[in-house]
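Keeping their order, the protein sequence lines are chains B and Z.
Quick note: this note's numbering has the first sequence finishing at residue 116, numbered continuously throughout.
Quick note: this note's numbering has the second sequence finishing at residue 124, numbered continuously throughout.
These are calculated hints, taken from the structure and not from any lab test.
Backbone N, C-alpha and C fix where the C-beta goes; we use that ideal spot for every residue, glycine too.
Keep in mind that a hint or two might mislead.
[To be verified] Between beta-carbon pairs, the in silico distance windows are: (1) 63/B with 28/Z: 28 to 34 angstroms; (2) 121/Z with 79/B: 35 to 41 angstroms; (3) 51/Z with 14/B: 17 to 23 angstroms; (4) 84/B with 77/Z: 39 to 45 angstroms; (5) 19/B with 119/Z: 33 to 39 angstroms; (6) 19/Z with 63/B: 26 to 32 angstroms; (7) 80/Z with 13/B: 25 to 31 angstroms; (8) 77/Z with 16/B: 43 to 49 angstroms.
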Amino acid sequence: GAGVSQTPSNKVTEKGKYVELRCDPISGHTALYWYRQSLGQGPEFLIYFQGTGAADDSGLPNDRFFAVRPEGSVSTLKIQRTERGDSAVYLCASSSNRGLGGELFFGEGSRLTVL
Amino acid sequence: QQQVKQSPQSLIVQKGGISIINCAYENTAFDYFPWYQQFPGKGPALLIAIRPDVSEKKEGRFTISFNKSAKQFSLHIMDSQPGDSATYFCAASAGGTSYGKLTFGQGTILTVHP
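Looking at chain B on its own, in the form it has when it is part of the complex:
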């Protein structure tokens, strides 16, 4: 597929559990972003990778959230000790541009529900 792929598309978990959400960006895109979208709201920035390194993680809400991109392609967002307030759609986006301006291509998101 040519687009950004996110798995799972839906995840239901219980409060306190650990969750991993995966993002497979468009091939060749060096920049990768994670956003969180709560119901009826605009996406909120979480973290940005340029290659393998996290260039900006200022949007991560607390230390229960962590993301990696070990080989500069696929990224995993990890949430420990999930809380009901973590329920949202987690969006991943990638871009080919090295920060000089350009389009972000979003995936369809992973909908997380914490019971």
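Take the given structure of chain B and dock chain Z to it, following the hints.
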């Protein structure tokens, strides 16, 4: 200072009409202003974007108007079609290496009646 305020929350127009959505920002470091369109169950998709060195940009039926002094920008959809029914988000970023670190507005749900 990081907020982008968007209005209206919802908008209903007739087919062929003009849809207008407005946004205002505070952060003077913002210099990249995209609009995204989102259909239910899908991720946002870039519609059109502008930088503050121009006051207007047009692509097909979509036009962004930008007022730097007022720190406001708007999206105009001409000849609105039922297929335009979606949620629209304005956004802003500081550009440079931060261009993808977008601050989004709250969204406008547009309904175009046939």
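Hints and how they fare:
1. 63/B with 28/Z: 28 to 34 angstroms: 44 angstroms, violated
2. 121/Z with 79/B: 35 to 41 angstroms: 38 angstroms, holds
3. 51/Z with 14/B: 17 to 23 angstroms: 20 angstroms, holds
4. 84/B with 77/Z: 39 to 45 angstroms: Given range 39 to 45 angstroms: holds, Cβ gap about 41 angstroms.
5. 19/B with 119/Z: 33 to 39 angstroms: With Cβ atoms ~35 angstroms apart, the hint holds.
6. 19/Z with 63/B: 26 to 32 angstroms: 29 angstroms, holds
7. 80/Z with 13/B: 25 to 31 angstroms: For residue 13/B against residue 80/Z, whose Cβ atoms are near 45 angstroms apart, the range 25 to 31 angstroms is violated.
8. 77/Z with 16/B: 43 to 49 angstroms: Because 46 angstroms falls inside the window, the suggested range holds.
Comparing the model with each earlier hint shows violations of hints 1 and 7; every other hint is respected.
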